[in-house]
Each structure stands twice: as structure tokens, then as C-alpha cells.
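> Each chain is listed here by its residues.
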Amino acid sequence: MKTYHLSPWARARQEEFGLLFYDTRSTTMTFVRSGDHLLAPPVDDRTRPLGIVTHSPAEELRVTRVLDGLEVKGLVVAS
Amino acid sequence: MSLTGERLRAPVNVTWEITDRCNLGCRHCLSADLRRGSLGELDHRRCEALIDELAAIPVFQINFGGGEPFLRPDFMDILRYAQRKGIVTCVSTNGTLLTPSLVDELAGMELLFLQVSVDGASPATNDAIRGEGTFDRILEGVSLLAERSFPDLSLNMVVTSVNFHEIAEFHQLAASYGARTRLSRFRPSGDGSRMWDEYRLSREQLAWLAHFLGGHPEVLTGDSFFSLTNADRKDQGLRTCGAARMTCAVGPDGSVFPCAFLCEPAFLAGNVTDEPLASIFAHAPIMQVLRGLEVEPCHTCDRFALCNGGCPAVAYFVTESLGLPDPECLRVAIPRIEVA
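So the protein sequences, as listed, match chains A and B. The numbers in my numbering rise by one with no breaks, and the one at position 71 of the first sequence is 71. In my numbering, each number is its position in the second sequence, counted from 1, plus 1000.
None of the hints are false.
Which residues of chain B face chain A? A partial, calculated answer using Cβ under 10 Å:
| id | residue |
| --- | --- |
| 1 | ASN1013 |
| 2 | ILE1057 |
| 3 | PRO1058 |
| 4 | GLN1061 |
| 5 | GLU1110 |
| 6 | LEU1111 |
| 7 | PHE1113 |
Result set (DSBU-like, lysine-lysine): computed pairs, CA atoms no more than 35 Å apart in a straight line:
| id | chain 1 | residue 1 | chain 2 | residue 2 |
| --- | --- | --- | --- | --- |
| 8 | A | LYS2 | A | LYS73 |
| 9 | A | LYS2 | B | LYS1085 |
| 10 | B | LYS1085 | A | LYS73 |
For the chain B half of the interface with chain A, some residues (derived, Cβ under 10 Å), not all of them:
| id | residue |
| --- | --- |
| 11 | VAL1059 |
| 12 | GLY1086 |
| 13 | VAL1088 |
| 14 | MET1246 |
Note that these hints are calculated values from the structure, not bench results. Idealized CB from N, CA, C, for every residue including glycine.
Put together the whole structure using the sequences plus the hints.
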């Protein structure tokens, strides 16, 4: 599975429902109901990797689709 | 963007009335009561401590207002400090203190959005609200920003019966400076309560405004007009009150309130000098009241999904109840007019 990092202009916060993304270019928010599958990067980690937790290939596929959508929005970068 | 079904553990943005000093005396000032009851301002060290706290939560955005923020001598340092922490800063200013050197500094900043208040498209209209000679002074400042192609600039007009007829011209005025148009709702808080009867929009004006906003998705509203939201704008911004859910307000002395329109003693939630903001937001009884608010009379309305009962602040100041429908809801104000 690819690794994903927050884009330089994106912010993310852990919430009960999953991750809350914020785009500093537009001040818009994106609510991602990812439960415990996605983890916001630690505030002090400069590389800003997203944590990804999956337990099966099906979960991995679903999470990858979500991340690909976030990449299209410019909120995350895959590497 | 959806909020109605989700509960956030902390605010996403915080409105911070960083000073109660102001060089104007606008007739509808929502902060007038804060100024009259001033208990002073947080000192610089305490301001930095609050920013540290917001960055750790993390809060994504601080909306700086006042008073006039640029009257505070250390405001630029505070702004820079927040930006260094990665927080987006939005500054609401009356524009009269913008000088070439200040604008040069602002133009070099990242994570900065500027909102300049102008209450009309002509000197006569604006000056009747914001004071004699202010229209020209404000636009001098706006010109400086435009000359430097300041990218994230909006001109904000609080829509009242006095300037309503100039909305279209105001939109053109903003565009002529390369700025976005922002229309804000006139609310009966602070001095606005004393001007409510004179300045509030008529039913027909509310209906026209809803139509105008529906046809102009590029016009910003700061989520203040969800009571008027048409289906055309239903996916733009919030469709419910964000007070105590995604936002809160901090007064000059560190007092915390559910939102900038509810800065009254009855809504005081705590003070950041006594308790962390995150704790006040999560546990203060008044925050929980706002979060749990149900405007039951609205539940059967066909517009409920578009506005969730509207603005509790307007309802409170007009009806003295938090649980009643927004008095300027299109269905309440204009029951016989069909709204898309």
C-alpha cells in the first residue's frame, strides 16, 4: 500500500467520526468518516504522514479509495 | 460540508476580539457592549500562550476582530506568531489604518485573509452607518491592498435597510478592487439591538436577498445567512448554527462565548486565563446548551434541512428564547412566498 502525507496547505484533526481536513487555501473543511482507519499525523511531525490501519484486503481497498479521493482534492499526497 | 450529524471535540475556528479599542463608532457595532464593559485585554505573553493552546488542539483558523485589531500595537507580532504555528488568520478591519508600510508587511504574509468592512457602495450610505468621511478613508486602504495585488481580500457589507439598495453596486465595487464580496447578516447584538427596528430588512428584502445569494455563489456570506439558504446554495458552507459546535468567541479579556453574536454575560462560558479553551468548549454548561439546542417548532418545516432553525442569537435577542425559530427565517418572515 502506498504511503500518504498531508499536502503542505492541508491540516487534519482526529475526531470521533474519523478525520476532519481543512484546506488553508480556501478555508474549507472536509469530513471523512474513516473511523479508526485513518490517523492524523502528530502535530510536531514535519513529514506529516497519515496513519493507516486496515485489517483485511477489503478494508484496504475501501481506505485506498478514500485516500485517492482526498488526493484528487489536493489534501493528501501519495508516495 | 456537513456538520449537523457530527460532533467535534474542539472548535475548528475561533473568533478572537483581540482588542476593544476602536477608532470608529459604527451605529450597528456588535462589539459595543463588550467595549463598554471592558475588563482590559490579554497581554502579549498571554496572547501567545493562547495561540500555543489553539495550535495544540489544533484549531485551524483564527478570525481576528475587535474593536479594530490594528489599533493594538503588538497585533502584527501576534498575527505572525499564529501564522508561524500554521494557523490560518482572518482579520476583520475597518481599513482606515492601512498604510503603505503596513500593507507591504501584510502582502508578504502567508495564511492571511483580510476582510475590510464597507457598509455601502457610496459615501452617503456608508458614512451614515460608519461615520463621516469613512468611505473615502476605507477605500484608500483598499486601494493600497489592490495595488499590491493582495490575493485574499474581501469587502464586507453588513446588509441593512440603509444599504440594501446598493448590494449590486457593492458587488461591482469589490470586483473593481480585485476583492471578493462578502455580505454579512445584521444581527441585533451590541449596538445592533438598538438599531434593530431601523436597520432590519423587510420581508420583501429578505426574499430578494435569498434570490440574489442563490444566483451569486461567488458571494461570501461567512455562513451568516443560512436562515435564507436556498436550495441553490445548500452545499456551500454551513446549514446550521456553528456556535459551540465548530466555533466559539474569545473576548479581549479572555472571556469565552459560544459565538461572536452571543457575547453577553448570560452566555459567558469561562475565561482562558482560568481554564484551557478546549476544556471550556467541551464542558461549560452554556456550550452544552447551545450544542443540544433543538428548535422544535421548525422540525416539520420543509426548509428544516436547509437551516436547522436558523440563528439562535437573532432568535434570542428578538424573542428572548433560544428555542424559537429564527425570526428572519423565510418561512416565518414570508410564509406565502415560494422559495426554491
